[in-house]
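Engineer: Based on the provided sequences and hints, a complete structural model is requested.
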Amino acid sequence: MKVDGGDTDTPRMSPPSIPSTPAPSAVPVRPGLRQRLAAWDVRFSPYLYISPFFVLFAVVGLFPLAYTAYVSVHDWSLLGGQGEFVGLENYREVVDNPYFVKQLVNTVSIFLLSSVPQVVIAVTLAALLDNQLRGRTWWRMSILLPFVVSPVAVAIIFGNLFGDRYGLFNEMLGVIGIDAIPWHTDRLASHVAIATMVNWRWTGYNALIFLAAMQAVPRDLYESAELDGAGRVRQFLSVTLPMIRPTMVFVIITSTIGGLQIFAEPRLFDETTARNGGSDRQFGTITMLVYDFGWQLRDLGRASATAWMLFVLICLFAALNYVAIRRLGRLGGVDR
Amino acid sequence: MSRRPGFLVYGLLLAFVLGSAAPLYWSFLLGSHTAQVAAQGVPPLLPGGHFLDNAQRVLDTVPFWKALGNSILVSSVTAASVVFFCTLAGYAFAKLRFRGSVPLMVFVIATMAVPTQLGVVPLFILMSEFGWTGSIWAVVIPWLVTAFGVFFMRQYLVDAVPDELLEAARMDGCSQIRVFWHVAAPAARPAAAILWLFTFMQVWTDFFWPLIALPHENPTIQVALNQLQSGFFKDYSLVLAGTTLATIPLLVLFIVAGRQLVSGIMQGAVKG
Amino acid sequence: MHNLVRSTQRGRLALGVLTALLLAVLTACGGDDGGSGDADGTTTVTVATFNEFGYEELISEWNAEHDDIKIEQVKVGTWDDAKANLYTKLAAGSGLSDIEAIEGDAMPAILAEADAFVDLTDAELDGRWLDWVAEKATNSEGQMIGYATDIGPEGICYRADLFKKAGLPTDRAEVAGLMGTWDEYFALGEDFVKKVPDTAWYDSSVGLSQAMLNQVENPFETDDNTVAVDNPELKAVFDTVTGNIAKGLSTRLPQWSDDWTSSFQNDGFATMACPGWMLGVVEGNADGVKGWDFADVFPGGGGNWGGSFLTVPAQGDNIEEAKQVAAWLTAPEQQAKAFAAKGTFPSQVEALDSPEITGASNAFFNDAPIGEILANRAEAVTVQPYKGPKYSDILQAFQASILRVDDGSQEPEESWNQFLADVEALG
Chain A
1 MKVDGGDTDT
11 PRMSPPSIPS
21 TPAPSAVPVR
31 PGLRQRLAAW
41 DVRFSPYLYI
51 SPFFVLFAVV
61 GLFPLAYTAY
71 VSVHDWSLLG
81 GQGEFVGLEN
91 YREVVDNPYF
101 VKQLVNTVSI
111 FLLSSVPQVV
121 IAVTLAALLD
131 NQLRGRTWWR
141 MSILLPFVVS
151 PVAVAIIFGN
161 LFGDRYGLFN
171 EMLGVIGIDA
181 IPWHTDRLAS
191 HVAIATMVNW
201 RWTGYNALIF
211 LAAMQAVPRD
221 LYESAELDGA
231 GRVRQFLSVT
241 LPMIRPTMVF
251 VIITSTIGGL
261 QIFAEPRLFD
271 ETTARNGGSD
281 RQFGTITMLV
291 YDFGWQLRDL
301 GRASATAWML
311 FVLICLFAAL
321 NYVAIRRLGR
331 LGGVDR
Chain B
1 MSRRPGFLVY
11 GLLLAFVLGS
21 AAPLYWSFLL
31 GSHTAQVAAQ
41 GVPPLLPGGH
51 FLDNAQRVLD
61 TVPFWKALGN
71 SILVSSVTAA
81 SVVFFCTLAG
91 YAFAKLRFRG
101 SVPLMVFVIA
111 TMAVPTQLGV
121 VPLFILMSEF
131 GWTGSIWAVV
141 IPWLVTAFGV
151 FFMRQYLVDA
161 VPDELLEAAR
171 MDGCSQIRVF
181 WHVAAPAARP
191 AAAILWLFTF
201 MQVWTDFFWP
211 LIALPHENPT
221 IQVALNQLQS
231 GFFKDYSLVL
241 AGTTLATIPL
251 LVLFIVAGRQ
261 LVSGIMQGAV
271 KG
Chain C
1 MHNLVRSTQR
11 GRLALGVLTA
21 LLLAVLTACG
31 GDDGGSGDAD
41 GTTTVTVATF
51 NEFGYEELIS
61 EWNAEHDDIK
71 IEQVKVGTWD
81 DAKANLYTKL
91 AAGSGLSDIE
101 AIEGDAMPAI
111 LAEADAFVDL
121 TDAELDGRWL
131 DWVAEKATNS
141 EGQMIGYATD
151 IGPEGICYRA
161 DLFKKAGLPT
171 DRAEVAGLMG
181 TWDEYFALGE
191 DFVKKVPDTA
201 WYDSSVGLSQ
211 AMLNQVENPF
221 ETDDNTVAVD
231 NPELKAVFDT
241 VTGNIAKGLS
251 TRLPQWSDDW
261 TSSFQNDGFA
271 TMACPGWMLG
281 VVEGNADGVK
291 GWDFADVFPG
301 GGGNWGGSFL
311 TVPAQGDNIE
321 EAKQVAAWLT
331 APEQQAKAFA
341 AKGTFPSQVE
351 ALDSPEITGA
361 SNAFFNDAPI
371 GEILANRAEA
381 VTVQPYKGPK
391 YSDILQAFQA
401 SILRVDDGSQ
411 EPEESWNQFL
421 ADVEALG
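Protein sequences appear in the order of chains A, B and C.
Per our numbering, the very first residue in the first sequence carries number 1; after that it's consecutive.
Per our numbering, the very first residue in the second sequence carries number 1; after that it's consecutive.
Per our numbering, the very first residue in the third sequence carries number 1; after that it's consecutive.
In case anyone wonders, no lab produced these hints; they're calculated from the structure.
There could be a bad hint or two in this list.
Stated by the list, open to error - Below, a list of computed lysine to any residue pairs in the SDA-like style, where the Cα atoms sit at most 20 Å apart: (1) C:Lys-390 with A:Gly-81; (2) A:Lys-102 with A:Leu-297; (3) A:Lys-102 with C:Ala-187; (4) C:Lys-290 with C:Gly-306; (5) C:Lys-390 with A:Asp-75; (6) A:Lys-102 with C:Lys-290; (7) C:Lys-235 with C:Val-216.
Since the structure is predicted, the reported quantities are computational estimates derived from the model, not experimental observations.
Structural biologist: This is the structure we're talking about:
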């Protein structure tokens with residue numbers, strides 16, 4: 001489940017609680033045939049219901065990941081197919097490739113630039129929405145508008161706005177006397193441009209999540225704060241923010257998983273014919289490197305090794321995610 | 001904080017909404033002018049009269065209708081599949097007692113974070129093996145179920161279906177499947193609709209795997225847009241007309257079901 | 001929950017709308033499912049091209065005359081995109097068009113995968129193409145894998161109006177006399193940018209480097225396909241092109257980028273290396289701009305840039321029909337028409353003498369006799385660079401190295417070393 005940019009976007013949920021034991025079901029006392037059938041029904045139906053999911057998930061989700069590991073320890077060319085077992089050779093080649101570290105740094109940098117401002121703006125926005133607004137639903141829908149624009153479309157539109165020489169943003173900077181910014185060639189500038197796309201698409205979405213968390217804050221907390229003489233800003237800082245912090249942590253961690261896989265935005269932002277993320281991979285990401293190795297350099301072995309390393313990286317974050325959830329679960333309250 | 005907001009609040013919100021809408025307007029704006037006008041840095045701020053011409057050129061350049069049909073088909077089929085299989089499993093996890101349910105659910109939650117799209121290499125090898133690359137089924141298959149779907153349905157069904165009701169149905173001699181079908185499934189509908197909507201959007205906007213799996217003549221909307229953008233003449237009136245066209249279907253969906261999308265996101269955030 | 005339930009009704013409405021839309025689209029598209037035989041016995045042959053092949057009218061012409069075989073064109077942007085798609089679908093064993101256009105530089109790599117393509121050898125077509133072109137498409141076993149479409153003899157496109165502004169001659173014969181060598185061409189450029197500082201001399205360093213590469217005998221690989229990129233000729237091209245950047249000769253834009261395209265409309269540059277097929281590109285990008293002309297000259301002698309081939313992948317369902325269509329499209333008469341449409345200069349011997357070519361002029365380029373000029377340019381080509389199977393991949397890395405200096409992200413030496421490392425990593 002990913003949240004920031006990239007190609008998959010599932011809605012973000014706040015901390016899941018770990019399943020509680022379901023209600024006990026009736027257990028038959030006398031084992032007649034009918035009762036036995038009913039008992040089997042009760043006993044095996046659950047497995048019947050969950051098995052289609054697990055079977056399909058194993059085939060389309062887990063098997064490919066495991067098989068990626070298998071491919072990654074072989075010579076495996078796109079056209080020639082499986083070659084010899086080479087151990088960790090592919091991994092070594094990937095890590096030795098200077099682009100790997102560079103694109104890893106890019107990926108993290110774009111992620112940071114897209115998540116930090118995003119959370120700040122989204123929280124502010126949520127605070128604004130957490131008022132008795134006229135046309136409440138209309139406002140909520142309006143801020144969600146960018147969410148329906150696909151990352152590919154977002155990248156095309158912003159790619160145009162961020163044109164180095166004749167783009168609108170640089171023209172506007174020119175009007176106020178600032179030199180044109182080389183959005184496509186300067187490393188940091190390109191990260192900002194791509195992060196802007198991600199932020200544009202996701203800030204409203206996150207604001208709604210924070211809004212939901214804010215609305216779950218017990219109103220009497222505000223009342224007592226008010227009795228203590230706290231102003232609105234003070235209330236926001238000392239009541240709202242602490243209360244939605246778990247949601248915030250969750251939002252950040254889960255958005256990492258999405259952010260680390262970002263692909264569509266930087267790829268379509270790139271205008272060099274090779275489309276590897278700029279002439280010097282200024283904004284190439286790890287997923288783009290997977291594509292480059294696998295389908296441009298036609299080496300599925302190195303592509304798999306790269307994918308697997310990214311996978312491990314994401315798993316680390318996922319583990320962090322899980323720990324955070326457990327912790328939040330114990331904190332309880334706020335999001336339930 | 002329930003207070004009557006002042007001008008400032010409305011002003012800030014309005015600014016944000018305008019910022020949200022502006023890029024879309026920009027897309028339409030350049031898409032409605034000729035190529036020469038679009039190539040200037042700052043075009044007129046009012047739409048020109050060439051949108052339909054440009055749209056026609058989009059249709060001539062990429063198989064737009066086919067891409068649209070593919071996207072709708074792929075997104076609908078996967079959304080239906082996810083809703084069906086995940087409701088079934090989610091119900092079992094929410095309401096049925098069975099050995100291993102807790103570890104399996106923990107497993108589902110853990111895999112929610114697993115980036116399945118990183119399995120592209122084996123998916124590609126598999127699809128090639130079966131000769132499915134190039135057909136849109138290659139894009140449908142990886143999405144048939146999602147761990148998120150199971151989690152989402154479980155979370156909803158835990159509260160939505162009273163245990164007493166299930167119990168009563170069973171006492172009446174209903175088999176498990178009948179209980180599911182007549183009690184749980186109807187109760188699951190609101191969440192199923194949201195899951196359907198989310199999955200639909202998720203698949204609709206997916207790009208990485210379709211880019212690899214689909215040929216130029218049988219693309220999804222996203223792949224077709226990519227094709228349009230990588231054009232030999234970077235004609236922005238054409239490309240942005242295409243982008244606008246490609247965004248319209250989801251805009252329609254948004255206008256019809258946006259309210260639900262909003263409540264879905266917020267429900268998802270509060271429940272849990 | 002109340003909210004949710006209410007919104008479900010909207011959801012159902014949405015579902016209904018979408019289902020209706022889905023049905024509408026599916027029924028609308030039911031007919032053009034592509035691929036093999038439709039119910040009425042028509043076969044649709046798909047032709048995947050990149051850039052501009054000038055085939056639009058030819059295809060309409062064919063489709064009007066034929067009921068049994070219909071042609072459908074699939075257009076992609078650049079060759080790089082087409083190449084990635086080609087290899088992906090070759091590996092997948094399905095998903096390619098019935099006919100795939102291949103950029104000439106990639107033919108050696110394609111010949112290495114000859115098994116995946118249909119042997120198009122046809123005795124009747126012997127002698128249709130210039131020998132050196134036919135050779136490019138023929139493997140060591142004598143099988144012809146591709147039918148050549150065009151070649152890319154290069155002349156110089158220039159903006160006469162900007163030349164005038166700089167006080168340079170504008171007449172195409174005079175202009176031709178000023179740029180016989182690269183040194184002259186660059187010196188003229190330095191003169192130009194002094195007088196018209198806002199306009200660069202040529203369109204892109206990458207484009208220029210490719211024009212220069214086309215005069216190098218062994219740019220990347222030796223005749224036995226050993227990669228040898230650290231050679232003085234290649235380094236000389238690299239040094240010259242990167243050295244020009246500081247002099248303001250280059251737009252410093254990536255070729256084919258948005259800004260590059262926009263620069264045609266914004267007086268971004270005054271000249272560019274123009275193979276025949278580029279004329280269509282200039283005309284398209286500079287639509288509405290007056291002052292373009294085409295000079296019968298190329299610095300440093302002649303040069304051939306590009307030229308493509310039509311291949312029939314063996315995985316297709318309509319091999320026989322595809323073969324027939326490919327042969328038709330690459331026949332002299334058709335290529336002469338494609339030339340008229342987009343300036344793709346024919347590689348067919350017979351077409352070169354046809355009045356449609358020799359007498360052709362182009363109004364956009366100030367009525368320049370483009371047929372005659374390109375024929376002269378083709379004759380001036382003396383060097384056919386050796387291109388091995390890795391040429392296309394190395395070229396991509398080389399262009400990136402030029403671009404890194406061009407856009408200011410690296411110093412020349414650093415970029416050159418990175419290029420060497422990139423080539424190493426190609427494996």
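Engineer: Checked against the structure, which of the hints given earlier come out wrong?
Structural biologist: 3, 4, 6
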